[in-house]
Amino acid sequence: MKCTLHSENDYDLLELGGEIDLHYSPDLREAILASLKEGKPLLIDMADVSYIDSSGIASLVEGFQTAKSAKLAYGLLKISDPALQVLKLTRLDRVFSIFDEAEKFQAQL
Amino acid sequence: MTTSAIEIRDLVVDYGTRRILDDISFDIHQGEIIVIMGGSGAGKSTLLRCVLGLKKPTSGHIHMLGTDICHAAREELYELRKKMGVAFQQGALFTSMSVAENIQLPLREHTDLDENTIQIMTRIKLDMVNMLPYENLMPSELSGGMSKRAALARAIIMDPKILFFDEPSAGLDPITSAELDELIIMLKETLKMTIIVVTHELESAFAIADRIAILGEGKLIQIGTPEEIKNSQDDRVMDLLNRTPRENNMDKDEHLSRLTQDNR
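Residue numbers (the working numbering), protein chains in the order written: chain G, 74 to 182; chain X, 2 to 265.
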């Protein structure tokens, strides 16, 4: 799993890639929660995610809930097709804010 | 190239002097839904027990995800079982635990995931089987269909590579049954699961299967796509599909021998 955090001007960008499963999802959860703790909006780039299981999805959900409580913007960027299929299966594609360009997320801040 | 999730070779199972499975060989491909069909006593349950590593065959081999499960050490089987999910026909839920507790059990046993992650995963799976409103109920308060759906949620809680489902549609109303069929297909397509379904329900089998394996009297009669099975010229396959009662082609000597043979 690739999980790299970049600090942009007014938000954090978390780039994910590869397979996110039971083994790696705790790292993803930690990265999301640590970023939100800094008090900055978070955009998660999922273009290179080849597989995500429900533990990975649970980490994204917990992050979303945490961001909402802290009134921070939280979005998913360029979701790969395999990841989007799983989000659709769990009907979370209708819950998350999904963006095809980082600029659109930035415009909402 | 198609990769095998499970390879079954020359499988023979005897119970006493009775041969239950007779020289069964076939592969189950990764990411396919294979439906195992056959009349009562055809050997479906025994085959399932062997593939799950619950019954050692008399002879033959079964390789699952590269592990020879007939000769694997206990630790190897334990690791392999983390990649398998099983939904039993009657649900097999623990009666002293709520629905949610039943579903969380594999995560608590096999992972160190955070409590929040466990709770969210449980609700995701309950929602997938339309059981979210019933998470706090006890198994004794569930209908047959609800127990079956809860059992499926438990079977998929760890996102297994291989899912076994024994009689998913039996005893369910047509709508719930169709929903379950749809979910099985979605699990294959989105989570890339290899799914083995044992069923008697023809409609469900043809709706979900990539391939169908038909067992009869312990032998593999035919394996093929639903189209190939529909067009089969084998009398035993046609009898199963047309629900024709078995012909009573009785061999007098064999029948007498069966009634008088000392099986003790």
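Among the clues, some could well be false.
Stated by the list, open to error - Derived pair list, reagent style SDA-like, types lysine to any residue, alpha-carbon separation capped at 25 Å:
{"hint": "1", "chain 1": "X", "residue 1": "K220", "chain 2": "X", "residue 2": "K84"}
{"hint": "2", "chain 1": "X", "residue 1": "K57", "chain 2": "X", "residue 2": "A73"}
{"hint": "3", "chain 1": "G", "residue 1": "K75", "chain 2": "X", "residue 2": "E190"}
{"hint": "4", "chain 1": "X", "residue 1": "K84", "chain 2": "G", "residue 2": "Q158"}
{"hint": "5", "chain 1": "X", "residue 1": "K84", "chain 2": "G", "residue 2": "Y97"}
{"hint": "6", "chain 1": "X", "residue 1": "K189", "chain 2": "G", "residue 2": "M74"}
{"hint": "7", "chain 1": "G", "residue 1": "K177", "chain 2": "G", "residue 2": "L106"}
{"hint": "8", "chain 1": "X", "residue 1": "K193", "chain 2": "G", "residue 2": "L106"}
{"hint": "9", "chain 1": "G", "residue 1": "K161", "chain 2": "X", "residue 2": "G32"}
Keep in mind the hints are simulated off the structure, nothing from the lab.
Structure-based check of each hint:
1. This hinted pair does not check out: K220 (chain X) and K84 (chain X) have alpha carbons roughly 28 Å apart, beyond 25 Å.
2. For the proposed pair K57 (chain X) and A73 (chain X), the alpha carbon gap of about 11 Å is at most 25 Å, so the pair holds.
3. Distance check on the hinted pair: K75 (chain G) and E190 (chain X) sit about 24 Å apart at the alpha-carbon level, within 25 Å; holds.
4. Of the pairs offered as hints, the one joining K84 (chain X) and Q158 (chain G) holds, with about 21 Å between alpha carbons and a cut-off of 25 Å not exceeded.
5. Restraint check for K84 (chain X) and Y97 (chain G): satisfied, since their Cα atoms lie roughly 16 Å apart, inside the 25 Å limit.
6. Annotation: proposed proximity of K189 (chain X) to M74 (chain G) holds, straight-line Cα distance about 22 Å (limit 25 Å).
7. Proposed proximity of K177 (chain G) and L106 (chain G) is supported: the alpha carbons are some 23 Å apart, at most 25 Å.
8. With a C-alpha separation of about 29 Å, the suggested pair K193 (chain X) and L106 (chain G) falls outside the 25 Å cut-off, and the hint is violated.
9. For the hint linking K161 (chain G) to G32 (chain X), the alpha-carbon distance of about 19 Å falls within 25 Å, and the restraint holds.
Violated hints, in rising order: 1 and 8; the structure is consistent with all others.
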